[in-house]
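Student: Turn these sequences into a full structure, and let the hints steer you where they fit.
One-letter residues, chain by chain:
Number of protein chains: 4
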Amino acid sequence: MGSIRTDLALEARELYQQQNRDYIPGVKVDEEEVEGVKISRVHILSPLGQESLGKPQGNYITLEAPDIKNRDPEFQQTLSKIIAQEIKKLVTLNKNSVTLVVGLGNWNITPDSLGPKVVDRLLVTRHILEYLPDQIDDRLRPVCAIAPGVLGITGIETGEIIKGIVDRLKPDLVIAIDALASRRTDRIGMTIQIADTGISPGSGIGNKRMGLNKETLGVPTIAIGVPTVVYAYTIGRDSLQMLIDKFVDHATADSQFYQMLKQMGEEQLDALIHQVVTQELGDLVVTPKEIDLLIDYVADVLADGLNLALHEDMTIEDVKYFIN
Amino acid sequence: MGSIRTDLALEARELYQQQNRDYIPGVKVDEEEVEGVKISRVHILSPLGQESLGKPQGNYITLEAPDIKNRDPEFQQTLSKIIAQEIKKLVTLNKNSVTLVVGLGNWNITPDSLGPKVVDRLLVTRHILEYLPDQIDDRLRPVCAIAPGVLGITGIETGEIIKGIVDRLKPDLVIAIDALASRRTDRIGMTIQIADTGISPGSGIGNKRMGLNKETLGVPTIAIGVPTVVYAYTIGRDSLQMLIDKFVDHATADSQFYQMLKQMGEEQLDALIHQVVTQELGDLVVTPKEIDLLIDYVADVLADGLNLALHEDMTIEDVKYFIN
Amino acid sequence: MGSIRTDLALEARELYQQQNRDYIPGVKVDEEEVEGVKISRVHILSPLGQESLGKPQGNYITLEAPDIKNRDPEFQQTLSKIIAQEIKKLVTLNKNSVTLVVGLGNWNITPDSLGPKVVDRLLVTRHILEYLPDQIDDRLRPVCAIAPGVLGITGIETGEIIKGIVDRLKPDLVIAIDALASRRTDRIGMTIQIADTGISPGSGIGNKRMGLNKETLGVPTIAIGVPTVVYAYTIGRDSLQMLIDKFVDHATADSQFYQMLKQMGEEQLDALIHQVVTQELGDLVVTPKEIDLLIDYVADVLADGLNLALHEDMTIEDVKYFIN
Amino acid sequence: MGSIRTDLALEARELYQQQNRDYIPGVKVDEEEVEGVKISRVHILSPLGQESLGKPQGNYITLEAPDIKNRDPEFQQTLSKIIAQEIKKLVTLNKNSVTLVVGLGNWNITPDSLGPKVVDRLLVTRHILEYLPDQIDDRLRPVCAIAPGVLGITGIETGEIIKGIVDRLKPDLVIAIDALASRRTDRIGMTIQIADTGISPGSGIGNKRMGLNKETLGVPTIAIGVPTVVYAYTIGRDSLQMLIDKFVDHATADSQFYQMLKQMGEEQLDALIHQVVTQELGDLVVTPKEIDLLIDYVADVLADGLNLALHEDMTIEDVKYFIN
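These protein sequence lines map, in sequence, to chains A, B, C and D. The first sequence begins at 1 in my numbering and counts up one residue at a time. The second sequence begins at 1 in my numbering and counts up one residue at a time. The third sequence begins at 1 in my numbering and counts up one residue at a time. The fourth sequence begins at 1 in my numbering and counts up one residue at a time.
Hints were generated in silico from the structure; no laboratory data involved. Heads up, some of the hints might be wrong.
[Unchecked claim] If you anchor each label on the Cβ, the simulated ranges turn out as follows:
| hint | chain 1 | residue 1 | chain 2 | residue 2 | range |
| --- | --- | --- | --- | --- | --- |
| 1 | C | E317 | A | E33 | 18 to 28 Å |
| 2 | D | L293 | A | P133 | 49 to 59 Å |
| 3 | C | E317 | B | T315 | 53 to 63 Å |
| 4 | D | E74 | B | K88 | 21 to 31 Å |
| 5 | D | D283 | A | K95 | 30 to 40 Å |
| 6 | A | E74 | B | N96 | 32 to 42 Å |
| 7 | A | Q17 | C | I316 | 15 to 25 Å |
| 8 | B | G152 | A | E74 | 17 to 27 Å |
| 9 | C | E215 | B | E14 | 54 to 64 Å |
| 10 | C | Q241 | D | D72 | 57 to 67 Å |
| 11 | C | E317 | A | E312 | 44 to 54 Å |
| 12 | B | L132 | D | I323 | 31 to 41 Å |
Just so it is clear, the structure is predicted and the values come from calculations on it, not from any experiment. Cβ atoms here follow ideal geometry from the backbone N, Cα and C, with glycine treated the same way.
Tutor: Right, here's the structure in full:
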């Protein structure tokens, strides 16, 4: 898939389909739409599927909810409920199962602060259940949470910190929240990916070096990711690709120019874009100007989704009551 | 200059020169380089110059300091001193002159928070000079400051708020700080424009409807602006333009394709880009991922520059002493 | 009332009653309890009442809501509705009446940040009604808001800033929100005073030098204040007073010591406390350790109360919908 | 030492001396004054000393620096250097020794946010030394840092989190930063305690249940604490004690009242104070109103002190250069 970077299985599939054909061996896909939210479930069933999409074997659920941009409080609740349902499909928790929620990312950098902000809004209960087991509501299950900060802040690989805590605490489930890079600007803040494969090394905005998954942590690990940026490089490159496609349509099939365009492969396109876009563009990201407000809204959505999924028979009103 | 938006006189000049020739009637330009900072002074001397560049008559000083990206503390001081010198060239203050510094922009939206952050770091003295005139250091002059917030927060045009305060306070000078949009990503946070024309309606990131200048406020008004975003639209469009230029070089001069490309004017390019980039892209901005840190650094630079310019015979150490 | 400082009419009345008798000439008081909130309405009707209580003539409504400390979301709504009702009793607004809400205080100092935080959560509409009158919901009325910052930040008396804006904007009503000092720790964050007398010079935590009221601004001015601190000095002094009262009870009526205690008047007590409490204590304040959370909660309560009072036929859900 | 709570060895010694006599068995004390900073070193040498002062055996260095209240930038540097020297006396680090700095406390509650703020300002290097050993300045040693958040935020005992990370990372030294409660308001923010005993369970503002020390972590652990609050209860009680002392002086030696006062022991005083101060006072704290600014200043002082102590031959300018 060349030099274009995506953390979304959905986009990996789209890229595959663009360049190949519709059927992907070892991959099963189903889609449905619920209250304005498009739910795509990509199941990578075999090593072949894994190789095709460049993503580890497992289940990837993607919610596409363009209405997020309106930041409507009622839709927020709808979306939280859908997220809760999808999380519940991936995990089995009993009354005593301890869940550790990990908020990845850097709280000082707005588009990377989603994970810490979700942790901040979470209904955390493990300590109450441990110290005051009798005073606690029956519907609560033990949830704990940490936002450890990124490598540049701590000097420690996030994976090392989490591994140390998991080894000590022995939770039954880890859920890691992360901000992702997307290929498409209309996905920023509006697409939510839930995967039972955990997090691979090098994914997310912050370039983790160590993965967070069942292999590294020793417990089932769910990853929830939301694209919050598109690399500016991607925009430049996509603009070029679309322009070339357009020219191909206009050029006479036997002209020399048509031949030139057709022969222009991935590598040449990359070389061209490197001339066109300034060198620094690689570190530049595209976000909505109101990214601060968007991140706050999505953090609320995810936190409520987790609160509904991890405790039992709770409404959002119940959760708000317990959090205060 | 079509649909491309720039708040920088420097870029207006570049655009003019690209499309026309080097000499611009009614405009005088001088340039110098001081300690790694390129200083360009564009003097728009006549209505003709004003029309050519699409900027009001007056003096525009632009500092280009790519080293800002290293966020080095020593360079920070160098740059503050240069800013102070350039401000002093544009204004004449005596011992009792009152300066009102206005921090424009929205503190909740990182790339638009530059103005409020500068105000936050300013050495404000007007109240001390008024209430305790005897206890005050001789080098201090009366400075006051306000960050009124944007229209969406206050429900009041920023210009109305400032006009009300200026009418009541009758300062001798207004200095307005604003975050700007640039055409080029390598200018983000690294170019500082100081202009004695004040601020025109519609400039800045926040789309002010009323200008802040000598006409509207009745007192001399300096505007200091720093580009903190590039509209994503600009990136897409520039990528296309460069690709077309490239194709023109490759195409045979008499081919039909060459003709097509040459005929592709501003309007057609705009139409094309509208097809290529998604509709929402207009509201999307390109920033470095570390925009939060960059804004903090630049706010420090500008605040120290103002502190040195508005008080007399001060060093940065003196300023720090007084601020605490 | 000596050296003890209070911004609450309720406490002024209590002090008066302690030192004198129950009936206060020129003052009418009525009380009621609604859903756990004690509502006291002190009406100072004449110059005599004004002199007795040391507060300007006018109406002071005090809500005592100790349940605030639980930070329960349901009670939050109840309280907002009561606040809205009481505000409506003091003001008459028609469809086009413009209200300017002023958030007094310093956003950098937690117990003084209540006013700015209320402004931050307000449904601000004046600009929409002005620029897009046809697209707006019929129930909205023009509200604008500003948190100008304190003297130490701006170098300008808050009263000067507001006077400048009011003269320019000519609103029909000003509502000023302020953090107050109380005499009693159990009032911190749990007592809300609404007064149609505006704000007197020297009141509030931040020591304003200029009042905000009908005389200074030229428009009706409501003040809403919430105690967020008790001066540490007050605690020391009250402890001493209570101890002395206790000793008086124990001492034999004709003993020399009893005489000494009885003779100990306000002045001697003040002299004594000055020996006992350290000099710096005057600047020290007593707050709950969780003052940050408490201020957030109370800011939500007040903002919703204002939103319900200033617009028409709104529910809190409606308000949330419009704010996003 | 009854019901009065102090985290400072210095205050434990003062209390002991008040109630007993000057010489404390098993405790050695030396004092010196350096550039306006009073340095007291309390060495608890034996179990007897440990019992007398109610603090674990070890070395406690206390810096008293009342000039902190002026928040002067020059004094800030002086104090950081003294802190660095004192830390160096307690630890032996070689070039490869890894130090883990732990910022205890709650970033959402101002007086408890000192630890996280110090971590935020630290020169963290472990990751650079690990991944780019050749590119790094010779004077840097591996430092890493974490602010894990408090029990109410994470649902996990802070001690458990740190133990997990320490077991995984195996640092050579742990330094824990914490906000403390003091008995005296004039110590708030102005006294710094450095102890090689680590942190005992139940100390600090946040009521930790598990200690952080060599026994629990398995590596040498330094604790650095700064009082940021006095419990309001302490103020009330101290006021009473001083008043009683005063009355004792005035009363005739053979009077009944004198006898009553003399007999008033610790328990009765506690009973009395419980009548005097309202029930909630126990949770109330006394802080300067500007606690936000004070915490920022002290966090800078401590962070620079650590930066100078943990790296080699560094100046504060060097540190600032590396941090940016």
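Student: Check the following: the C-beta atoms of B:G152 and A:E74 are separated by a distance inside 17 to 27 Å.
Tutor: Distance hint for B:G152, A:E74 holds at roughly 22 Å.
Student: Assuming the hint says 54 to 64 Å, is it satisfied by the Cβ distance from C:E215 to B:E14 or not?
Tutor: Hint holds: Cβ distance 56 Å, inside 54 to 64 Å.
Student: Using the Cβ atoms, figure out if D:D283 sits within 30 to 40 Å of A:K95.
Tutor: Because 33 Å falls inside the window, the suggested range holds.
Student: Is it true that the C-beta distance of A:E74 to B:N96 lies inside 32 to 42 Å, as the hint says?
Tutor: The hinted range 32 to 42 Å is violated for A:E74 and B:N96, with Cβ atoms some 58 Å apart.
Student: Is the hinted range of 44 to 54 Å satisfied by the C-beta distance from C:E317 to A:E312?
Tutor: 27 Å, violated
Student: Given the range 18 to 28 Å, decide if the beta-carbon distance of C:E317 to A:E33 lies inside it.
Tutor: Holds: the Cβ-Cβ distance is about 26 Å, inside 18 to 28 Å.
Student: Go ahead and decide if the range 49 to 59 Å is satisfied by the Cβ distance of D:L293 to A:P133.
Tutor: 42 Å, violated
Student: For the hint 31 to 41 Å, verify it against the beta carbon of B:L132 and that of D:I323.
Tutor: 37 Å, holds
Student: Taking 57 to 67 Å as the stated bounds, is the beta-carbon spacing between C:Q241 and D:D72 within them?
Tutor: For C:Q241 and D:D72 the Cβ distance comes to about 39 Å; the hint is violated.
Student: At the C-beta level, are D:E74 and B:K88 separated by a distance inside 21 to 31 Å?
Tutor: 27 Å, holds
Student: A:Q17 and C:I316, beta-carbon distance inside 15 to 25 Å?
Tutor: Check failed, 46 Å falls outside 15 to 25 Å.
Student: For the hint 53 to 63 Å, verify it against the beta carbon of C:E317 and that of B:T315.
Tutor: 57 Å, holds
In summary, the structure is inconsistent with hints 2, 6, 7, 10 and 11 from the numbered list given earlier, while agreeing with the others.
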